[in-house]
Amino acid sequence: MITLYDFELSGNCYKLRLLMSILRLRYDVIPVDFFPGRQHKSDWFLKLNPFGQLPVLKDDDLVLSDSGAILAYLAKKYDETGLWFPDDPAITAEILRWHAIADDITATASAARLALGFDYDFDVPKAQAGAHRIFRLMDEHLWFGEREGRDWLCRPAHPTTADIACFPYVMLSEEGGIGRQDYPALRRWCDRVRRIPGFTIMSGIFPAGRALEQA
Amino acid sequence: MTLSLTDSTWYPIASSDDLPFRHVYQGQLLGRELAVWRADDGNVNVWENRCLHRGVRLSIGINEGGELKCQYHGWRYANRSAGCTYIPAHPADAPARRIQNRTYPVREAFGLIWSAANDDQPFQPFPGAETGEWFPLRPIPVNAAPEDVLAGLVTLAPDDQPADILPGLAVRLGAAHYFVQPVDSNRAVIRGLLQGQPEDAVTTLRSYNETLTKLRDRLERAARKKPAPEPLQPSFEQVSVDLATMPDIAIPRGNTITVVVKRKWASADGIIGFELAPREGHLPTFQPGAHIDVHLPNGLIRQYSITNGPGELLSYIIGVKAESAGKGGSKILVESVREGDLLSISEPRNNFPLRRDAVRTVLIAAGIGITPLLSMARFLDKSSLPYELHYFTRLGEHIAFRPELEALHGKVQFHTGLARPEIAQTISQTLGEWSHAQHVYVCGPSALLESVRVTAATQGWPEESIHFEYFKNDKVIDDSSSFEVELARSAMTLQVPAGKTILEVMREAGLQVPSSCEQGACGTCLTGVIEGECDHQDVYLNDTEKRANTAILTCVSRAKSARLVLDI
Amino acid sequence: MRRTMPPNFPIPLHAPNRYSPPMTTPDPLTLNSWQVIAALDELPPGLVERTILLDTPLAMTRDRDGLPVVWRRTDEETGDEIDPETIFDRLPVTTGYGFVWTSLGTPPTDLFPIPEYAEPDRVNMSCGSIGIHVSAPRAVENFLDMGHFPYVHTDILGAEPHTEVKEYDVEVSEERDEVLATRCRFFQPRAALSATDGMEVEYVYRVPHPYCSVLYKSSPEAPERRDVIAIFLQPVSEERCRAHLLQSMIDSTSTITELRRFQQTIFGQDKPILENQYPKRLPLDPRSETPIRADKSAIAYRRWLSQKGVNYGVIPVAS
Chain D
1 MITLYDFELS
11 GNCYKLRLLM
21 SILRLRYDVI
31 PVDFFPGRQH
41 KSDWFLKLNP
51 FGQLPVLKDD
61 DLVLSDSGAI
71 LAYLAKKYDE
81 TGLWFPDDPA
91 ITAEILRWHA
101 IADDITATAS
111 AARLALGFDY
121 DFDVPKAQAG
131 AHRIFRLMDE
141 HLWFGEREGR
151 DWLCRPAHPT
161 TADIACFPYV
171 MLSEEGGIGR
181 QDYPALRRWC
191 DRVRRIPGFT
201 IMSGIFPAGR
211 ALEQA
Chain F
1001 MTLSLTDSTW
1011 YPIASSDDLP
1021 FRHVYQGQLL
1031 GRELAVWRAD
1041 DGNVNVWENR
1051 CLHRGVRLSI
1061 GINEGGELKC
1071 QYHGWRYANR
1081 SAGCTYIPAH
1091 PADAPARRIQ
1101 NRTYPVREAF
1111 GLIWSAANDD
1121 QPFQPFPGAE
1131 TGEWFPLRPI
1141 PVNAAPEDVL
1151 AGLVTLAPDD
1161 QPADILPGLA
1171 VRLGAAHYFV
1181 QPVDSNRAVI
1191 RGLLQGQPED
1201 AVTTLRSYNE
1211 TLTKLRDRLE
1221 RAARKKPAPE
1231 PLQPSFEQVS
1241 VDLATMPDIA
1251 IPRGNTITVV
1261 VKRKWASADG
1271 IIGFELAPRE
1281 GHLPTFQPGA
1291 HIDVHLPNGL
1301 IRQYSITNGP
1311 GELLSYIIGV
1321 KAESAGKGGS
1331 KILVESVREG
1341 DLLSISEPRN
1351 NFPLRRDAVR
1361 TVLIAAGIGI
1371 TPLLSMARFL
1381 DKSSLPYELH
1391 YFTRLGEHIA
1401 FRPELEALHG
1411 KVQFHTGLAR
1421 PEIAQTISQT
1431 LGEWSHAQHV
1441 YVCGPSALLE
1451 SVRVTAATQG
1461 WPEESIHFEY
1471 FKNDKVIDDS
1481 SSFEVELARS
1491 AMTLQVPAGK
1501 TILEVMREAG
1511 LQVPSSCEQG
1521 ACGTCLTGVI
1531 EGECDHQDVY
1541 LNDTEKRANT
1551 AILTCVSRAK
1561 SARLVLDI
Chain E
2001 MRRTMPPNFP
2011 IPLHAPNRYS
2021 PPMTTPDPLT
2031 LNSWQVIAAL
2041 DELPPGLVER
2051 TILLDTPLAM
2061 TRDRDGLPVV
2071 WRRTDEETGD
2081 EIDPETIFDR
2091 LPVTTGYGFV
2101 WTSLGTPPTD
2111 LFPIPEYAEP
2121 DRVNMSCGSI
2131 GIHVSAPRAV
2141 ENFLDMGHFP
2151 YVHTDILGAE
2161 PHTEVKEYDV
2171 EVSEERDEVL
2181 ATRCRFFQPR
2191 AALSATDGME
2201 VEYVYRVPHP
2211 YCSVLYKSSP
2221 EAPERRDVIA
2231 IFLQPVSEER
2241 CRAHLLQSMI
2251 DSTSTITELR
2261 RFQQTIFGQD
2271 KPILENQYPK
2281 RLPLDPRSET
2291 PIRADKSAIA
2301 YRRWLSQKGV
2311 NYGVIPVAS
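Residue numbers (the working numbering), protein chains in the order written: chain D, 1 to 215; chain F, 1001 to 1568; chain E, 2001 to 2319.
FYI, nobody ran anything at the bench for these hints, they're computed from the structure. Don't take each hint at face value.
Quick list of in silico lysine-lysine cross-link-like pairs, DSS-like style, CA-CA up to 30 Å [claimed, not checked]:
hint, chain 1, residue 1, chain 2, residue 2
1, E, K2217, E, K2166
2, F, K1475, F, K1546
3, F, K1226, F, K1214
4, D, K47, D, K77
5, D, K126, F, K1475
6, F, K1546, E, K2217
7, D, K58, D, K47
8, F, K1546, E, K2166
9, E, K2308, E, K2217
10, F, K1262, F, K1331
11, D, K126, F, K1225
12, F, K1500, F, K1475
13, F, K1560, E, K2166
14, D, K41, D, K58
15, F, K1214, D, K126
16, E, K2308, E, K2166
17, F, K1500, F, K1546
18, D, K58, D, K76
Since we're looking at a predicted model, the values are computed, not measured.
Next comes chain D alone, as it looks inside the complex (with noise of 0.2 Å):
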């Protein structure tokens, strides 16, 4: 039985309540007040997690944290396919990088959203500049994938776990006043995103059209 210690807001734990959705996986949640209760501060939540973040995910007796582990340990797993994050060594490593980007993207889409939502005191200015440097490059990365005929982060011709862990703090981005308007291949990746069969939203991210040629 899979638990997730989950809090709505937070993209982090959006990761995995998308993947899971994905790999139709039933899972119980256990709501975390992480604003304003702070309760992933409190003992019984450092108890799982002794840095007091979010998210947590217990399946049967293993009890795991950090949003991108979890991801990997789900796809390996849960997933029969293989796809989500395959063992070939070099796409291994093609992921683990984008997880850690996506990270990165925590450290500063986030941090900023964190910032003007929910009175974090973080500098904005330079989360925002982190933000736009990351995004920048993303942009040029899925605008050359588009030209090489790749439509996601890695190499293989379907979505890995390194999408899912950079989508939602994209995403969200507006909510830290980081704009997306000069990263259109970035915005086209979004909607493709949107479009997995399996696809759930999270509150501030809308879901995206239809798009097959037949609709």
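With the hints as your guide, set chains F and E onto chain D.
This is chains F and E only, laid out in the frame that chain D set:
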């Protein structure tokens, strides 16, 4: 050089590749934000990035193929015209007022999308544009003043080959043309074009990308050292007074439009299709179920439903029944109007609005009655809403618009050659028992209408879930009342006795009043009401318009009050 | 309570995004009204907390009796220890509905009433204070709006195809000087977790303060009584506000965490809409936007703001 909000130069604002299927691109030109989207017919729309209702950016909305849907309240705006076709909060009403978003001129050429702040200048390709094939580079947004970006591009020229500055913030450097899109006073996008398809496209693109990225970094470093110029402050245009007030319903009298008969063909045995195109640009926004008045060469006016799908405004397609024994009306269209002829039509009107809030929509047509239902089916089809269409004809060769119907994805059933009892049985089975949010729309001969109404009623369908349209007023007119009419502008008071219409009394008093069908169906004699309560007996005004009590058809309708004051 | 970072960064509420809007001197009504600035139980006793109200930096803390103390901030930083007895130049302060309210002028004795709040069996809670990049009146207007339920709160407060906003009543109550919308009904596909069929839910909306709104809806647990949800907006600047959310519920089964999660989910869905609205100040000129019948409450609200002469967070009608 200072940027001006009224600069009428055409600038590139996107690459063609930026507009894939069902995407909405967010752009900006001279401070104004743009929502740019390609409809399924290939047309590119460049609109102000703001829904007229509550000011929400349309770039977060949904491209439905023929309409753009606002994310906030689901308002739909039509391809080409940007006219509002549907307001979900009031699903039973056709938007009575002409709500139209601000659009900008657009041209797709040389792999780029071009636009301008206004219509003051026709599109002019850059010198030499027409001579070759063009290959767009990756656009590079730069946080620097557009004129500084242009100056920076000029510095890329090798010493022996000076840059060739072109009009409109553009420059030619050897094989490359660069256009600077003035996003705002301190932001720009470099859009490059190469002549001809390079041998190794990606390598070439990467090489230009690297050069331009370095230039961008240099320009941004320099820009950070300068004081940032004030951003442009475009203002949002005000909506019309008509749109600003909510309560009263204005019934558009509409202007007539001259159209060309672009195509005339036999759509089925006994049904002629007409494609009516404007002489330039596109036709006005219409809603599914809408009709136009066609002014016939012999002075008569007849109504025909528009069969088009969402956002199809380059022409209207109507179907006309070739009545062998018909007198006057359709016969003239069928027999004497030819391709290339000019006709006058009214702006579209909708007395048969389609609700898009149903869990099940049943469309039932017979014969020529297919025309409004074809349009409805096309709208539902594009939005992937559930519907079924049942089309009754006596013979297979009587099926009009067959290819168009077969192109739909919903459940479309042809019922051919059924006897009356079988038709009744099919209708009964099709309708089934009513449950919440089911609606049926019927169009065809009065026997069919009657059959559907009776069957639906006995199977629990409430009146408001059964929709049909009259083109003829079959109602028995009750002209037993007598009352007084005051003609406000003519300063005249007249007595209308039982047995006479307001129209007749006005004519007898020497007034020139236009009319056509004189049975309350065409709307030609529509007159404003200032005071008094109308006794509407027409089939032209819809229920909301009737309730509004602001206009009357003087050919059939009367007064419930003792006195009626008309704006005439 | 809310900090995880050292308090040496400036509060970035004015991070220049595109341009700084013109600073309006607030009208007398706005200056002399009570304005919300914090949830009382999130304000730490003896430690400094900062905020901004009407472009004015403020500092606040709680004294030994737990009462809030608010003053114009000079160089105090968040988390500084402070003895409230040393603060002499204090702004007026009151507490109400679990929140701290202050005023830059001379406020009235009482805050507007929400009588239900005092009922002993209610679960009252704040649901967090969330910053939004839009003016306070835009956020109020969105709170009054039902037409967006199927599009923005899909499958929670509404769902396509059930999009109709039925006729409802709006009045400006002379006696209480507030906008009141009644008989507001909307079809919800799953009004309660147990429901399989949809049902129509009825709401009453009040706007008792230019930047505050209260909604009532029948409680699933006690259908004859009504749950109360309120939004109190702190006008930080002309184009930014903080939404302070209150729930006062008849609910004996849900936890506070669950109830907060529900409210935050709803508000989190409104946020991207509000932050994509232009202009960010609410235009009061009727020709700025296109109202429909469903917008009756919004029209009444805009007129009421105009009549009261509110000029902060709005674009007044050009005279």
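For this session: Hint by hint, work out which the structure violates, then give me just those numbers in ascending order.
Result: 5, 6
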